[in-house]
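Colleague: Residues per chain, in single letters:
Number of protein chains: 2
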Amino acid sequence: MAQLTRSLDRPGLLVTDRDVIGAACRDYRGWYCGDAIALARPRSVKEVQDVVRAAAASGCAIVAQGGNTSLCGGSVPLANSERPSIILSMVGLNQVRSVDAASWSLVAEAGCTVNQVQNAARMVGRYFGLDLGSRGTATVGGIIATNAGGMGVVRYGNCRDLVLGLEVALPDGSLWSGLKALRKDNSGIDLKHLFIGTEGTLGIVTAASLKMHPPETMSATALLRVSSIEAASSYADLAFTMANGELSAIELLPVMGIRRVCEELLRCSPPIELSEDWYVLCRLAGQQSVQEKLESIVSHAMETGLCSDAILAQSSAQEEHLWSIRDSFSDLHKVLGPSFRFDYAVPLGRIPELYHQLCKRIAEIEPKFVPFAFGHMGDGNLHFSACQPQDGDHALYETKKAKIEAAANAVVWSLGGTVSAEHGIGQLHRVELSYQKSATELVLMNRLKSLIDPTAILNPKKMLPD
Amino acid sequence: MAQLTRSLDRPGLLVTDRDVIGAACRDYRGWYCGDAIALARPRSVKEVQDVVRAAAASGCAIVAQGGNTSLCGGSVPLANSERPSIILSMVGLNQVRSVDAASWSLVAEAGCTVNQVQNAARMVGRYFGLDLGSRGTATVGGIIATNAGGMGVVRYGNCRDLVLGLEVALPDGSLWSGLKALRKDNSGIDLKHLFIGTEGTLGIVTAASLKMHPPETMSATALLRVSSIEAASSYADLAFTMANGELSAIELLPVMGIRRVCEELLRCSPPIELSEDWYVLCRLAGQQSVQEKLESIVSHAMETGLCSDAILAQSSAQEEHLWSIRDSFSDLHKVLGPSFRFDYAVPLGRIPELYHQLCKRIAEIEPKFVPFAFGHMGDGNLHFSACQPQDGDHALYETKKAKIEAAANAVVWSLGGTVSAEHGIGQLHRVELSYQKSATELVLMNRLKSLIDPTAILNPKKMLPD
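Keeping their order, the protein sequence lines are chains A and B.
Quick note on full-length UniProt numbering: the first sequence kicks off at 1 and runs consecutively.
Quick note on full-length UniProt numbering: the second sequence kicks off at 1 and runs consecutively.
Bound conformation, chain A alone (with noise of 0.2 Å):
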C-alpha cells in the first residue's frame, strides 16, 4: 500500500475514503460485497496506464469499474481475496474527444455516459444506436466490456457492432491505439473484439471509436394484444420481415406486467384491453413517416389472425407514453417481489419453445412459483423471472434456488441457447460457464486469459470459470 501510494503521489488520483471506496465494492443489484485498499480516479490515458504499473508492480489486482452498473457483479472487486484489489474507476476519462459528422463516427472515453455520447451524436444530426434504462449512468467502457444490448439491437447490433476502433490499456501498462473509423478493414487479426465483451479481464479500455447512424426523425409504435406467445413470435418475423430496416424495437410483454405497472407504477388506465396473455410494443423509426408501414404491418397482423387487436399511437405523447410502460418493467421487481431471474437468449424464434419448457420444469420443482417474462423478441432474448408467492416461506423457496438454476439452465441449454444474452457473466454465472462451454473453447479462453494477462491482475475470478 505505502509503495503504490508512493507512485501514485498525485493529488485526487489515488482516493483512500474508506467510505468512497465502500460504496464502489457493492453492486447495483445489492448482491455483491466486495474490498478494495484504495480506489484510484484517473483523470488521463497516462494516468490509467500509471495505475495499472503501479498495482502490477504492488501485487495488487485491478478492478475497472465505470458507472457500477453491472447486472452480475463483474465492476467490484471479490470479497475477502488473498490478492488486495484496486478498483480503477473510469469515470474521470470523460472528454467526447472528436465528433466527425462525415464519418459517421465519435471518438469517446471510457467514462463518458451512453447519454453523454447520444448527445454529441445529436448535436451533429446523427444518432448513437444503442440505449438502456442506465443511460445516464452506464459508461462507454461498461458497455464495451459487456457488449450491452438493450432495446436497438434487432436495428443496430450489439455493442460490438457499433465498435469500430479501440484504445486499451494492456495489463504490463502499455497502451494498444487502434483508434480506427474505418468500415472495412482486413489487416490481420481484429484485435478490438478480444476486449469487447471480455469485462476488464484482458486489459482496460480508455476510449472507443463508435458508430454513428441516421437519426430517427419519425416514430410510430403499436401495442399488439396476441392470442400466444407464439403469435408474438410470428409477430416478430412478420415485422422483421415487412419493415425492412425501419424495425427499430420489438418487445414482448406479459399481461401482468402491463397491468401491474400501470396500476402500482404509472397509476393509468391500461393502454389497451388486457384480455389475453401476451403483447408486443413494436416501433418503426425512419427518416420519413414510417406510420402507413407500422399500420399495413399491424393490418396484415390483424387479418392472420396473429393479433385480436391493436393501438397505434397517433401522437408522441402517445408513443411516450406505452413505452413507460415497457421502461417501468425494471423497477417491477421490486413490487413483485423476491424471484429467481434469468438473461436468457435462444435462436430466433424459440423464446415460445424456452418459455412453455421453463414453465413446465419450474411448476415441477415449484408449482407456486409464477413465472414473469418479457424480452427483446428481435434478438431471442428472454428475461425471465420465477417470482415467489408474496405470502410464501420464502427461507423455504431458497433452498430450492439451485434446482431450479439447473433445471432452468438444461432447458435454455438444450434450445442451443445461452445463460447470458446481454448481461455477461461477472462472478454471477462464471461456474455456470463451465458448463455451457466445451472444454476446448474453455482451454483456448484461458490461455487467452494467461497469454494477454500472464500474472492475472485485471478483474480477477471474473468472467472465466477456475
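There may be inaccurate statements among the hints.
Same chains, same label: a pair holds when it works inside one copy or across any pair of copies.
Restricting the straight-line Cα-Cα distance to at most 25 Å, the calculated cross-link-like pairs of lysine to any residue (SDA-like) are [stated by the list, open to error]: (1) Lys400 with Gln314; (2) Lys334 with Tyr28; (3) Lys334 with Arg259; (4) Lys461 with Gly59; (5) Lys400 with Pro215; (6) Lys461 with Leu451; (7) Lys360 with Pro338; (8) Lys400 with Ile365; (9) Lys449 with Ser174; (10) Lys360 with Gly59; (11) Lys360 with Asp17; (12) Lys401 with Glu230; (13) Lys368 with Thr137.
Please keep in mind that the hints were generated in silico from the structure rather than gathered at the bench.
Here the structure of chain A is known, so what remains is to put chain B in place on it, guided by the hints.
Modeller: Below, chain B alone, put in the same frame as chain A:
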C-alpha cells in the same frame, strides 16, 4: 511423404497428380505460384482433422483452399519453402447442413459456394446478404478467412457481421464446435473473431452458422451524374441518411470506366450522357416499393446541385443493365493494361481527399500514369489503379512500382486508412502490414499466432509480417 500417404490412405483423400496439384498452386490472378507435395480433398470434418494431424506429424505446412479466388495470394502455398506444403482443399465439404427460416440462420460447410448459400436462403424466402462477382466459385471458408466485403456491405456489413458461429479445426487436429445461432451471447471471449479474417493462419473453418435477412423483393436503381467526387461523397451521405436502412448498394464509377465498359465490353450506348468525370450507381431495396423513396432522394440531390442528371431504371431489365456496367469493372482491367492496384479504405467521407492526394503524389512520380478509381461509397472503400499508358515503356514503369506503392500507402495512412479494405493480406501486403500496425499490435498478433499455432503449420508466412 511416405508417412503422410500411409496415414491418409483413403480413396480420393490424397491427390498426388502433379497437374492437379500444380493448378491448385497457382493463384487466381496468376501472380503467385507455389509448391506443394500433395493436395488433400477431405469429404468430412473428421478427414479434415486427420489431414491436420498427419501434416503436423510429418512436419508439413497446411494451406487451406476454397475457391482459390484470393486476390492477395492467400490461398496458395509458398514457393521454395523449406517446409513442404499440403494444400487442404475444402471444396469436398459442400453441404448446407441445415436451413432454419424461423431463426433466420443456416449452417453451411466451408466448401459451399456463396451462390449455394444464397440459393439455400432463397428456398426458404430469406436472403443471404453477401454477394461478390466470384459467387459461383468463392466458398464459405474463403469469405470467412478473408472477411469478404462486396457491394452489400453498406447494408449487411462485412462477412464478419453475417457469421453467428463457427466450427473450426485447430492446429492440433482438435475441433472447436461453436455453431451457435444466437443474436446475443455474452459469455466470455467471442472466439469466432479470431478465425474470421485471419486467412487460415489460426484454424481451418469447417462450417459456419450464417445470418439470413428478409428478401430484397422490390428494388429501384438510379445512375447519377455528379459534378465532382466531393458531390459523389455528399450524395452517399444523403442517400445513407434518407434511405434509412433500405440502401442496398452505392457505387462510385468514373467516366472512363463507364465509357470503356460500354464501348469495349458490353457494346452498348452509355445509359447517361458522359459529360462529367464521376457517376454514382445506387440501389434501394425492400419488401415494399422503394421507387418513390429513391425518386425523392434523387430529387433532393438535384435540387441541392449534387447531381446534374440522373436516370432511374424503369424496369428490372434496365436495372440489370445498369448493374451489368458495374459488374464488368473487374474485367475492365484486362483492357486497361498493366497497372498498380490498391484496395484502400478510409473513414467515410474521406474518399475525395484520398483520391486527390493519390493522383497528386503519383503524378509527381510519373505524370504519364492514368488514375482509375471506383469503389464502395458506403464503406469508404476505393479501388484505385495507377494505369500505365498503353504505348509506354512498361519495363521502365515497373521500376517505379516500389516508389509509387510507398507514396500511395503514405497517403492512405495519413488519412487513417488501411492498405487492405476487403481483399486481405495474404502474401501481397505482409510487408506493408508491418508499417501500418504499431509495434504493440504486431507483438500481440504474433503472440496470438504462437499461442494458437505454436508450430506454425497453418498457412505460414501469410498475413503476419516476420
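Colleague: If a hint holds in the structure, say so; if it doesn't, say that too.
Modeller: Structure-based check of each hint:
1. Lys400 with Gln314: neither (47 Å within a copy, 67 Å between copies)
2. Lys334 with Tyr28: Only inside one copy: Lys334 and Tyr28 sit 14 Å apart there, 63 Å across copies, limit 25 Å.
3. Lys334 with Arg259: Close inside one copy (15 Å), not across copies (69 Å); limit 25 Å.
4. Lys461 with Gly59: within (15 Å within a copy, 39 Å between copies)
5. Lys400 with Pro215: neither (48 Å within a copy, 47 Å between copies)
6. Lys461 with Leu451: For Lys461 and Leu451, the Cα distance is within 25 Å both inside one copy (16 Å) and across copies (22 Å).
7. Lys360 with Pro338: Only inside one copy: Lys360 and Pro338 sit 20 Å apart there, 69 Å across copies, limit 25 Å.
8. Lys400 with Ile365: within (8 Å within a copy, 77 Å between copies)
9. Lys449 with Ser174: Both: 17 Å inside a chain and 20 Å across chains, each within 25 Å.
10. Lys360 with Gly59: neither (49 Å within a copy, 55 Å between copies)
11. Lys360 with Asp17: Classified as neither; 50 Å inside a copy, 60 Å across copies.
12. Lys401 with Glu230: neither (28 Å within a copy, 63 Å between copies)
13. Lys368 with Thr137: Neither way: Lys368 and Thr137 sit 37 Å apart in one copy and 59 Å across, limit 25 Å.
The structure fails to meet hints 1, 5, 10, 11, 12, 13 from the earlier list, while all remaining hints are met.
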